[in-house]
Amino acid sequence: MVEQDTSTRSLLSDLIKSVQTLIRQELRLAQAEGSEKVNQLTAGAIGMVAGMLVSFAALLVLLQALVAALAEHMDTGWASLIVGVIVAAIGFGLIKYGQSSLKATNLVPERTVRQVRADADLAMEKVK
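47 is the number that this note's numbering gives to position 47 of the sequence shown; each next residue is one higher, with no gaps.
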């Protein structure tokens, strides 16, 4: 009976050490993947800022086109509208790119989640 208690204690001790090691490894993986996600977040934010700057440039182009069209043979309103719509479309595209990079589903640490699930399944099998 004493041997069983010692064996059980040894098994529990080994289990606790294994769980501690596993948790440390999972934390390192989460940290590495979190760093990758921060880089992705930064790229998305840069895309959005670029889109906003291009949209601001669209306003400037609209104003410049209005002035330039006065000296041309084209109607002022149509020239301004054409140039403004093109630049605004580019800005809209850049903003949409930035938004798609910032979606919550893109920021989930997928490998860490998969690994934690696999580890939990393995631990459940060992307990059984």
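By construction, these hints were calculated from the structure, which means they are not laboratory data.
Take these hints with a grain of salt, some might be off.
Said to hold, decoys possible - Here are the computed lysine to any residue pairs in the SDA-like style, where the Cα-Cα straight-line distance is at most 25 Å:
| # | residue 1 | residue 2 |
| --- | --- | --- |
| 1 | 103 | 31 |
| 2 | 37 | 58 |
| 3 | 96 | 36 |
| 4 | 103 | 19 |
| 5 | 96 | 82 |
| 6 | 96 | 42 |
| 7 | 17 | 83 |
| 8 | 96 | 85 |
| 9 | 37 | 116 |
| 10 | 37 | 51 |
| 11 | 126 | 29 |
| 12 | 96 | 58 |
| 13 | 126 | 7 |
| 14 | 17 | 112 |
| 15 | 126 | 116 |
| 16 | 126 | 111 |
| 17 | 126 | 108 |
| 18 | 17 | 111 |
| 19 | 96 | 50 |
| 20 | 103 | 121 |
| 21 | 126 | 51 |
| 22 | 103 | 38 |
| 23 | 126 | 30 |
| 24 | 37 | 126 |
| 25 | 17 | 29 |
| 26 | 37 | 125 |
| 27 | 17 | 114 |
| 28 | 103 | 117 |
| 29 | 126 | 38 |
| 30 | 126 | 40 |
| 31 | 126 | 19 |
| 32 | 96 | 30 |
| 33 | 103 | 116 |
| 34 | 96 | 83 |
Outcome of the hint check:
1. 103 to 31: Holds, at about 20 Å.
2. 37 to 58: Outside the cut-off at roughly 31 Å; violated.
3. 96 to 36: holds, 21 Å
4. 103 to 19: Between residue 103 and residue 19 the Cα gap is close to 33 Å, so the pair fails against 25 Å, i.e. violated.
5. 96 to 82: It holds: about 21 Å lies between the C-alpha atoms, which stays within 25 Å.
6. 96 to 42: Distance ~15 Å between residue 96 and residue 42 Cα, so the pair holds.
7. 17 to 83: Cα-Cα ~67 Å, so violated.
8. 96 to 85: holds, 16 Å
9. 37 to 116: It holds: about 18 Å lies between the C-alpha atoms, which stays within 25 Å.
10. 37 to 51: Within the cut-off at roughly 21 Å; holds.
11. 126 to 29: holds, 23 Å
12. 96 to 58: holds, 16 Å
13. 126 to 7: holds, 16 Å
14. 17 to 112: holds, 20 Å
15. 126 to 116: holds, 15 Å
16. 126 to 111: holds, 22 Å
17. 126 to 108: violated, 28 Å
18. 17 to 111: holds, 23 Å
19. 96 to 50: At roughly 11 Å apart (the allowed maximum being 25 Å), residue 50 and residue 96 satisfy the hint.
20. 103 to 121: Measuring from Cα to Cα gives roughly 29 Å; hence the hint is violated.
21. 126 to 51: It is violated: about 53 Å lies between the C-alpha atoms, which goes past 25 Å.
22. 103 to 38: holds, 13 Å
23. 126 to 30: At roughly 24 Å apart (the allowed maximum being 25 Å), residue 30 and residue 126 satisfy the hint.
24. 37 to 126: violated, 33 Å
25. 17 to 29: The given pair, whose Cα atoms are some 18 Å apart, holds under the 25 Å limit.
26. 37 to 125: Distance ~32 Å between residue 37 and residue 125 Cα, so the pair is violated.
27. 17 to 114: holds, 22 Å
28. 103 to 117: This hinted pair holds, its Cα atoms lying about 23 Å apart.
29. 126 to 38: violated, 36 Å
30. 126 to 40: violated, 37 Å
31. 126 to 19: holds, 12 Å
32. 96 to 30: Given that 25 Å is the threshold and the Cα spacing comes to 28 Å, the pair is violated.
33. 103 to 116: Within the cut-off at roughly 23 Å; holds.
34. 96 to 83: Distance of about 20 Å is within 25 Å: holds.
Of the hints listed earlier, those the structure fails to meet are numbers 2, 4, 7, 17, 20, 21, 24, 26, 29, 30 and 32, in rising order.
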